[in-house]
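Engineer: Read off the chains here:
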Amino acid sequence: MTGGSLSLSQISVRRSGRAILSIDHLTIPAGAFVGIIGTNGAGKTTLLKTCAGLIAPAEGTVWIDDVDLGRLGPWARCRLRKRIGYIPQSTEYNAELPFTVREVVAMGRTSLKPLLIRLDRQDYAVVDRWIETLGLGGRRDQTFRSLSGGEQQKVLIARAMAQDPEILMLDEPCANLDFNWKHQISEIVERLYRQTNVTVLMVSHETGVLPPACERIVLFREGRIIADGAPDAVLSTEVLRRAYDGAFRVVVAEGRRYTVNAESGGGR
Amino acid sequence: MSFLLGQTSSLAIDPFFYTVIAAGAIAGASCGLLGAYIVALRLPFIGVFISHTAMAGTIFAYLLGLNPTVGPVLVSTLAAMSLAGIRPGRSRLDPNVALGILFSLMLGLTFLGIGLTQDSRTEILGLLWGSILFVRGESVVVIGVAALALAAFAIVFNKELKVLLFSRTIASATGVHETFVYALFLGLCGIILAVNLPLVGGLMIFSLITNPAAAAYQICRGHRAVVLASTFLGALSAVGGFIASYYLNLPTGACIVLASALVFALAAACRTLTRRTD
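Top to bottom, those sequences are chains A and B.
Just so we're aligned, residue 1 is where the first sequence starts under the numbering used here, counting upward by one.
Just so we're aligned, residue 1 is where the second sequence starts under the numbering used here, counting upward by one.
Same shape as in the complex, but just chain A (with noise of 0.2 Å):
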């Protein structure tokens, strides 16, 4: 498995006349494992559905490997796209419906099957794969719904994973987790792109949740980038005093950085 690079140029994405997403310049080299943090509505979860191809930019230009994703016909966007592992936000699945983990670890698959093709054994062999390395061996014939936030977390990731994905995208993986959780979520992601030098994107709030291996953070506000860089420059005082208006420093923990107040203490 190889990572895929990204690139913007000129972005913007307007909603409701409003520019919620004003990109300038912004390359992810194949490879890299780059967080995307900033401020609530920030255009965090934006950017990654404009890189997807979800929101087509009112200006702009996106591309995957050099090639760009606004020319492509719906068809050949469908292919460009099986290179795109997709993590969403817990309000963008079903996660009531009876669907079992093997069911949806299945759907990693689904796109890389022509129309009409089922999937075959050596499909659900690379879907029974991924459901060992995840851990969740146990859980195969369960229901994803009965699941914990955690594990169906686990599912997900499963799924993207059972993709072969040459970008991966995760947008909040740790929100509503408790600290136990978030760090298990997290170390998976890291060794994953350890493993698979899959390209990784992760959106998160949280600082701590980005794995040693993020070597570089992007920090929005208002839709536009404060800050590009290694997480050590942009997680100083100075930078984040500029995105969240506030006194904040960092603390950093085997090699993860977690963001404190500077005048309270107190941390995330």
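What the hints contain is simulated information worked out from the structure, not anything from laboratory work.
Honestly, I wouldn't trust all of these hints.
[What the hints assert, rightly or not] For lysine to any residue, the following SDA-like pairs were computed, each having C-alpha atoms within a straight-line distance of at most 20 Å:
| # | chain 1 | residue 1 | chain 2 | residue 2 |
| --- | --- | --- | --- | --- |
| 1 | A | Lys82 | B | Asn158 |
| 2 | A | Lys82 | A | Asp120 |
| 3 | A | Lys113 | B | Ala152 |
| 4 | A | Lys113 | B | Leu262 |
| 5 | A | Lys82 | B | Ala152 |
| 6 | A | Lys113 | B | Arg221 |
| 7 | A | Lys82 | A | Arg118 |
| 8 | A | Lys113 | B | Leu184 |
| 9 | A | Lys113 | B | Val97 |
| 10 | A | Lys113 | A | Pro74 |
| 11 | A | Lys82 | B | Phe180 |
| 12 | A | Lys113 | B | Phe180 |
| 13 | A | Lys113 | B | Ile155 |
| 14 | A | Lys82 | B | Phe157 |
| 15 | A | Lys82 | A | Ala56 |
| 16 | A | Lys82 | A | Asp66 |
| 17 | A | Lys182 | A | Val250 |
| 18 | A | Lys113 | B | Phe153 |
| 19 | A | Lys113 | B | Gly240 |
Use these hints to put chain B onto chain A, whose structure you have.
Structural biologist: What follows is chain B alone, placed relative to chain A:
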């Protein structure tokens, strides 16, 4: 029903009604299968909208002297497929609100059509409750062919439909042909509802779409089990409702609606009483 049956002294069902039972089973199974997808897509109003579109189409076809079958099927298929453009999250309108607005538009057109009809309104008003007791063999063949087309679609596009039901965002982002399959599904919805409408009526079709599927989602594990159970429970509701109306001498449409509601209540009770875990 008493005016049709004359007497109900014999326990055996009059062979005259075998066609009715066949039609009910096919219509119930089609609606149950369709409902398995419609309920999961959280679009129960789609049934009401499309059936009223078909009603409006039928009435205006009648007024304009056009073919009473082809017109409504075309109109409701096109109306259904137009819904493919409404995307949750991207549109400012919730799909169910959009369906509500479109439904009221079709309802208005339906009643306008009824108002403009000079002669016999009985036939047109029959569209509300359907006229399954007067079904003819040709109609059974038509709804049977439509049901087979729906079953073939469900088998052929099974893998895409599962992703579509789970998350349209994931389907779209990861290269599944979701818009194509969704538009095709909506088109089939239009056809199935339009051809079944004269039999089961606009009001009954809603309960046959929603209740059996909602029951299946209560008690099943896995997509295949849901689809098969919903199809079976749809047929069971229609046939069970008809048989109950036959022996109890009650209105058929109402009995079918109540049977489908009973099926859901039993499924919900079964889930609660057995404390079934997934």
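Engineer: For every hint, state whether the structure bears it out.
Structural biologist: Hint check:
1. A:Lys82 - B:Asn158: Holds, because 18 Å separates the two Cα atoms, which is no more than 20 Å.
2. A:Lys82 - A:Asp120: holds (18 Å)
3. A:Lys113 - B:Ala152: holds (19 Å)
4. A:Lys113 - B:Leu262: violated (41 Å)
5. A:Lys82 - B:Ala152: violated (26 Å)
6. A:Lys113 - B:Arg221: Violated: Lys113 of chain A and Arg221 of chain B sit about 25 Å apart, past 20 Å.
7. A:Lys82 - A:Arg118: holds (16 Å)
8. A:Lys113 - B:Leu184: holds (19 Å)
9. A:Lys113 - B:Val97: Violated. Lys113 of chain A to Val97 of chain B sits at ~35 Å, over the 20 Å cutoff.
10. A:Lys113 - A:Pro74: holds (17 Å)
11. A:Lys82 - B:Phe180: holds (16 Å)
12. A:Lys113 - B:Phe180: Distance of about 15 Å is within 20 Å: holds.
13. A:Lys113 - B:Ile155: holds (15 Å)
14. A:Lys82 - B:Phe157: OK: Lys82 of chain A and Phe157 of chain B at ~18 Å, within 20 Å.
15. A:Lys82 - A:Ala56: holds (18 Å)
16. A:Lys82 - A:Asp66: Measuring from Cα to Cα gives roughly 16 Å; hence the hint holds.
17. A:Lys182 - A:Val250: holds (18 Å)
18. A:Lys113 - B:Phe153: holds (17 Å)
19. A:Lys113 - B:Gly240: The hint is violated at about 41 Å.
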